[in-house]
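Chains A and B supply the protein sequences, listed in that same order. Using our numbering, read the first sequence as starting at 1 and increasing by one per residue. Using our numbering, read the second sequence as starting at 200 and increasing by one per residue.
Be aware that one or more of the hints could be misleading.
[As the list claims (entries may be wrong)] One-sided and incomplete, this derived list gives chain A residues near chain B with beta-carbon spacing under 10 angstroms:
#1 Leu14
#2 Gly19
#3 Ile33
#4 Ala43
#5 Leu49
#6 Leu54
#7 Glu75
#8 Arg92
#9 Val95
#10 Ala99
#11 Pro101
#12 Ile103
#13 Ala175
[Stated by the list, open to error] Take a look, some chain B residues computed to stay more than 12 angstroms from chain A by CB distance:
#14 Arg211
#15 Phe233
#16 Ile244
#17 Lys269
#18 Phe295
#19 Ser302
#20 Tyr315
#21 Arg316
#22 Leu321
#23 Asp322
#24 Tyr327
#25 Ala334
#26 Leu346
#27 Ala347
#28 Met377
#29 Val418
These are computed hints drawn from the structure, not numbers from a lab. Cβ coordinates follow ideal geometry from the N, Cα and C atoms, glycine included.
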Amino acid sequence: MAAEYSLGLLVAFLGIVAGFSALVRERDDLHRILLTDLAEILALAVIALIATDLAEALILPGLVVGISELMAVSEVYILREGLTRQPEQRVRIEVMESAPPIIAVILVGYGIVLSGFSGGAVAALGVIFYFLCRGHRERFHAIEVASGYAWAIWILAFFVFMLLPAYWFFAVMIAGGAILLKVMAKMALVGTMRGGSNV
Amino acid sequence: MFELPGAAIGGREILVLEFGDIVDYFTPYTACLFAFALVFTLLVILARPERQVDIAFGGDAYYTKEVQEKEFRFQRFMAIACGFATMGAMASGDVFNFTLFTSMIGITNIGIVAAYRIRHVLDAAFQYGIVAMVATVPLFGGAAITLATTGTLSLWELYRSAVEVPLIARAFLVLGVMGEGMAPFYIAKAEITRAPGAPFILMIHVSSLLIFLRVVEIVVSM
């Protein structure tokens with residue numbers, strides 16, 4: 001193992017020790033949730049520093065387990081503290097009224113230029129920002145339809161890859177466009193997560 | 200083709216299931232544990248939630264609580280998932296899958312406990328959740344150290360006497376399983392056994408007992 005890895009492992013272990021000692025001292029429940037999350041991230045860092053393919057395969061399930069446990073515990077916390085009340089009045093910020101269309105158009109346009117997975121992420125940022133600022137009414141149906149068609153087109157591109165490999169460039173363009181739509185549709189749902197009747 | 204070395208305390212393998220790289224196996228020991236988990240999972244699938252009776256002290260009065268099956272759908276689902284995870288942990292032939300199934304048992308146990316809408320039960324579920332989350336650190340850490348020192352996670356390799364697994368990795372594995380299987384202690388704390396829905400809660404006890412027994416086998420054989 002290279003020296004940098006050993007050094008990194010040492011630092012990660014020190015971080016784990018610090019995280020655990022903080023966890024022992026902390027009394028506030030919300031802070032304890034955050035600290036456990038921190039400890040988990042450090043464990044992932046330890047696994048990552050082993051730097052083999054198998055270790056890499058351990059990281060993803062570790063991350064999924066961590067996130068699902070975090071979600072379960074936070075749900076329990078919310079229930080226990082009774083934090084299910086909706087805010088009565090939202091903060092009004094001028095720039096949140098005027099900026100969304102411009103920024104959303106720029107981000108979505110740039111995302112389409114990039115295309116593919118990263119393009120989807122960039123375009124989705126624009127849509128998330130728009131939904132977060134302007135609110136959302138009855139827009140789920142359109143998103144679901146777009147996402148469904150994108151999935152079908154993506155599969156179609158795979159069939160082109162397998163059956164007509166000569167047209168690979170065509171298939172790449174189709175798949176790139178479809179994955180752009182799909183990622184954008186999925187991530188745009190994050191922008192609608194601000195409570196309300198239809199969430 | 201696959202043969203357990205003599206060091207394995209579970210006995211000789213009686214059935215080997217090969218899914219590509221993932222080679223599950225049953226020894227007399229793990230087969231017993233597996234059958235136990237299977238029986239309890241079937242019980243959870245078939246059982247109806249118990250009717251609970253509270254007796255008022257100092258008199259003849261008692262309350263019976265009406266229990267609808269609908270209320271326990273989520274708990275039943277979680278208990279069944281917990282049973283499957285336990286069976287997977289019993290049969291798995293590598294540390295990788297064992298750690299994953301163990302953490303899945305932890306998640307489903309949180310789910311079973313958290314399904315109650317009683318404050319002190321939720322309190323205990325929260326504390327247990329924190330412990331289970333923290334326990335994934337030594338659990339995956341133990342797997343990672345095993346991998347780093349021996350280059351494999353397969354129990355078929357690790358059981359060989361030539362392969363030496365460091366003590367710290369074994370200790371971390373046991374520590375992680377202890378954290379994930381901690382639920383019964385919090386059950387006692389929560390007096391959750393006084394809450395309705397008994398057959399599903401039993402799954403928590405069964406699963407944590409079984410993963411303890413399995414991790415002891417793994418750690419001693421390694």
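Hint check results:
no. : hint   : result
1   : Leu14  : violated (14 angstroms)
2   : Gly19  : holds (9 angstroms)
3   : Ile33  : holds (7 angstroms)
4   : Ala43  : holds (4 angstroms)
5   : Leu49  : holds (9 angstroms)
6   : Leu54  : holds (6 angstroms)
7   : Glu75  : holds (7 angstroms)
8   : Arg92  : violated (35 angstroms)
9   : Val95  : violated (38 angstroms)
10  : Ala99  : violated (38 angstroms)
11  : Pro101 : violated (41 angstroms)
12  : Ile103 : violated (37 angstroms)
13  : Ala175 : violated (27 angstroms)
14  : Arg211 : holds (27 angstroms)
15  : Phe233 : holds (22 angstroms)
16  : Ile244 : holds (23 angstroms)
17  : Lys269 : holds (19 angstroms)
18  : Phe295 : violated (7 angstroms)
19  : Ser302 : violated (4 angstroms)
20  : Tyr315 : violated (10 angstroms)
21  : Arg316 : violated (7 angstroms)
22  : Leu321 : violated (4 angstroms)
23  : Asp322 : violated (6 angstroms)
24  : Tyr327 : violated (9 angstroms)
25  : Ala334 : violated (10 angstroms)
26  : Leu346 : violated (6 angstroms)
27  : Ala347 : violated (5 angstroms)
28  : Met377 : holds (15 angstroms)
29  : Val418 : holds (19 angstroms)
Hint compliance for this structure: hints 1, 8, 9, 10, 11, 12, 13, 18, 19, 20, 21, 22, 23, 24, 25, 26 and 27 are not met, and every other hint is.
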